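> Whenever a hint applies, use it, and build me the whole structure from the sequences.
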Amino acid sequence: MRFAAIIALVLLVAGCAPYVLVQPQRVTVKNALSVEPDIAWNKINQQDISGRSDAEIWTADGPLLNSLTFFAGVEDGKPLYVQTAEQEKRDKLPAFRSSMTPTEVMELVESTYAKISQSALTRTRGLRPAKFAGKDGFRFDMTYVGKDEVDREVTAAGTVHEGRLYMIIYQGTRLYHHGLRQAQAERVIQSARLLGAGG
Amino acid sequence: MTLGRRHFVGGCSACAALALAGCVTDGVKPAPISPGYKPNAATDEGGIWQVMDNVEAETKRSRFLVRDAELNAYVRDIACRLAGNHCSDVRVYITRTPAFNATMAPNGMMTVWTGLLLRAQNEAQLAAVLGHEIGHYVNRHSLQAYRNARDTADIAAFLSIGLAGAGVGFVGSMVQLAALASIFAFSRDQEREADDVGLKLMSDAGYQPLQASKVWEQLIAEAAASERPRERDVFFATHPAQEERAATLRTKAATLPAGDTYEKRYRAQLKKFRTTLFEDEVRLRQYGQSLKLFEMLGRDGQPDAELAYFTGEVYRQRNADGDDAKAREQYERAIAMADAPPEAYRGLGLIHMRGGDQVRADEAFRQYLKLKPDAEDRAIIRSYVQIRG
Amino acid sequence: MRRAFLFVVLGALALGACATQSHQQIAALKRTEVQQPRILLMPLNVQLSEISAGGAMEPKADWTSAAHQHIVSALRAENAKRSVHMVEFAEDRAPPARRDDLVQLNKLHGVVGQSIMMHQYADQLALPTKQGKFDWSLGPSTRALKEVYDADYALFVFVRDSYASAGRAAMIFVGAILGVHVPGGAQIGFASLVDLESGNVVWFNRLARAAGDLRTEQAANETVQLLIADLPK
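Residue numbers (the numbering used here), protein chains in the order written: chain A, 2 to 200; chain B, 261 to 649; chain C, 113 to 345.
A couple of the hints might just be wrong.
Unchecked claim - Below, simulated DSS-like cross-link-like pairs (lysine-lysine); rule was C-alpha separation at most 27 Å, straight line:
#1 K79/A with K586/B
#2 K552/B with K532/B
#3 K116/A with K320/B
#4 K245/C with K142/C
#5 K552/B with K93/A
#6 K320/B with K142/C
#7 K93/A with K586/B
#8 K93/A with K136/A
#9 K79/A with K552/B
#10 K90/A with K320/B
#11 K632/B with K132/A
#12 K298/B with K320/B
Note that these hints are calculated values from the structure, not bench results. What you are looking at is a predicted structure, and each value in this text was computed from that prediction instead of being measured.
Below you can see the structure in the form of C-alpha cells.
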C-alpha cells in the first residue's frame, strides 16, 4: 500500500530498520489484541514515526503484494489511520463511532480505502455475522484497484467491543498474493484474543 | 558518479552560458494547432506527445475507463461537434473519477471524469466544460505551460513524468494524469482564452451559452459548502478566480444566441449510470459538498427517489446533531415513490436502530429483505432483526 | 508518483555500487533436443530523457523510439546466438476475452518488480523472513501468457535513461570547478525473467550506472549485453 511505501522511504532515509521479524508464537498487538501466527511475518516498524501509533501492519511478501493490518481498539471519533495535520487538511478520513453497526463499519473501511488509494474502484461484498476473538462480530470481503491498476482482494474480520473497534484486514493481489498467504492470514484472524477482556 | 558522461550533447558553450545565466526562458506563445498536426519527434513537443501517447495506451487498458459504448458515443459526439474540423484529432475517454474535471492532453486525448457527468445538469453544461478544454488544446496551452515549468525547473514534476512515461507496469495512468495536471497548471490568461474559445464553440454548436457561467456558479456553491480548505480542491487549484470568470461568461453570453440546454436527452443518457455516480460521490464522505450538490441536482423539484435515498445516506453517515431526523425524512421521501431503491429501507432501519426504535427498525429491515431477498448483506441484516427483535 | 520517486531514490543509492547485480534461480533454461526454449519479450518499458540546465527531465521521443528498436534488435541477435527463440508480445494475438488477464499480469509484474527492487536490493528494506532468499512469484496465472504465446518464459525490461543537456553539462562543469556535485545522466533499470509455468521470477538483474547510451545501435548493444550477461542460457 502507498502508506507502507512512504513509511519505508522515511525510515530508509532515517537509517532505521523498517521491517522487524514476528515469530510464529502468541504476540500482542498494540497492547490491545493478541494473535498466534503459524508462520513468521514482517512487521512494519512504525516506532520512529511520531503520531502514527494506530494500526499495525505485517507483511509476508512486501506491502505491495500482501499485508495484514490490525486495528486494535479504535476509539470513538478516531479514523482508522491517524493522519498528520497536513493529511487531514488535504483529505480528512471518516471517523469510527462506537454506535456503528457492522454495516457502517464496512462503509467506513470502504471509504477509507477509497480515500487512501484515491480510487473509486472499491467493492464490498458478503457482509455476514461471525465471531471475532470470541465476541459477536462480522466479516466481509472487498476488491479494490489502486492507482497501480493492480486488482487486490481484501478479507476483513472484526468486532466492536465496549465501544472500540477491533479488526484485522488481510489484503493481497488478486492474481496471486492474496491466495498465497490466505490460510496463514486466516490463522492469525482465528487466533485473535482481546487483551483484558477475558477473551 | 563520474562526470565523464554525455557532455555537451550537440551543444555549444554559448548556449550553455546563456542557460546558466537563466536566459533561455521561452516566452513565445506557440501558434494555434492546425487540424491533423503532428509534432517533430526530435522536439520538446514531440517528447510530450510520445509520453501522452503512452498514457493514452494505458488509459485504454485501464480499470478506471468507462467502456459503455453508448455513453462514449454520446460524449464523443458532443466533443466532436464542438471541435469542428479538429474532430478527428480528438479522442474521448471517460474515467471513473468522482470529481469535477475534464482534461485535454496536447496529443488530443480528452479525459472526462465521471464527477463532471454527475455535476453537469444538462448537455450544454457538459459542452461548456469540453469546449473550454478544446480551447486549451487548440491554443497549445499545455506546451506553453510545459516550457514555463521546464525553464523554471520544476524538477520533482518532471522527474515523475519522465519516469512515468512509456507506460507498462510501473505507474498507472491516473497517477500520470495527476502529475501532468500539476505540470500543466494553466495561467489566468490561458484560462480566460480557453473560456472565450469554449463559449464560442458551444454557442456555435447551438448550446445555451448561459450554461457556461452556471457550471462555475454551481462549483463555487459546492466548494463553499465543503469542509475541506478550498485551495485543496482539485478544481480550485487549477482554476483560480472562479467568481470573476463566471461573471465574465455571463456577460458575454448575453450577446450570443439563446441556444438550447438539451437537458432531457442528457438525463436520459445518464440514467443507467446515475447509481454508480452517486455511490462514488457518497463514498468520498465530503458531506457538506455532497449535500449541496444533491440539493442543486434536485432544484427542478421533480420526484427523484434515488436522489432522496442518497441524500439520506449522506446524512446518516455524517451522523451530526439533527442528521438522523433529516436522513429519516429523506429515506421516507424515497420510499413514498414507486421506484424507491430497496436500500432506502435498510437506511431507514439503521436510523431507527440508532434511535432505539426497535419495532420500526425490524419492520424496515424486513421490508428491505422482502424487496431484495438475495441482498449481499442479508445475513447481517437478519442478525439485526434477531438480536433486537 | 511517490513510488516512482522511491524508485529514483533507490536507484540513486544503488549508483555507488556495481553497474549490475543479478539473482539467478535456475542454471539453465528448459531445453530439449527437439525444441529451443521460447522467451516472450514483454512490451519494453523504456523512456529516454534529457536533463535540462535546471535539472528537469525532458522526455525525448526520437531517442526513446530509437532505443526501443536498438534494444529489440540487440535482444533478438543475442537470443539467436544462444539458440533461444524469441517471441514478441502483440496485444492482438490474445483473444479479446483474455486481454485483460494479460494486462493484469503485466501490472502484477510491475509491483513484484518494485518489491524486488525494494526488499532484495536495498538492505535497509530487507524482509527478515526472506533471510536473503530470492523467492518472488507472479503465480501460476502466468500460464495465460504461456498459452497465448506458446512461450516458456517471459522477459520484462524496464529502463530509464537520461542525458545531460548542453546547459546541464555546463552546470556539471561549473559545479566541478566549485567542488559542487551536480548529477548528470544515469541509466536505471531492470530485466526480469519469469517462468510461465510457475510464475516464478527465475532471474532478475538490476542496472544502475552513470554510463551507457541507448541512442545509438552500437552503444545500445553494450547496454543490452550488460543487462542480460548472466541471463540463463
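> Of all the hints numbered above, which does this structure not satisfy? Sort the numbers upward.
6, 8 and 10
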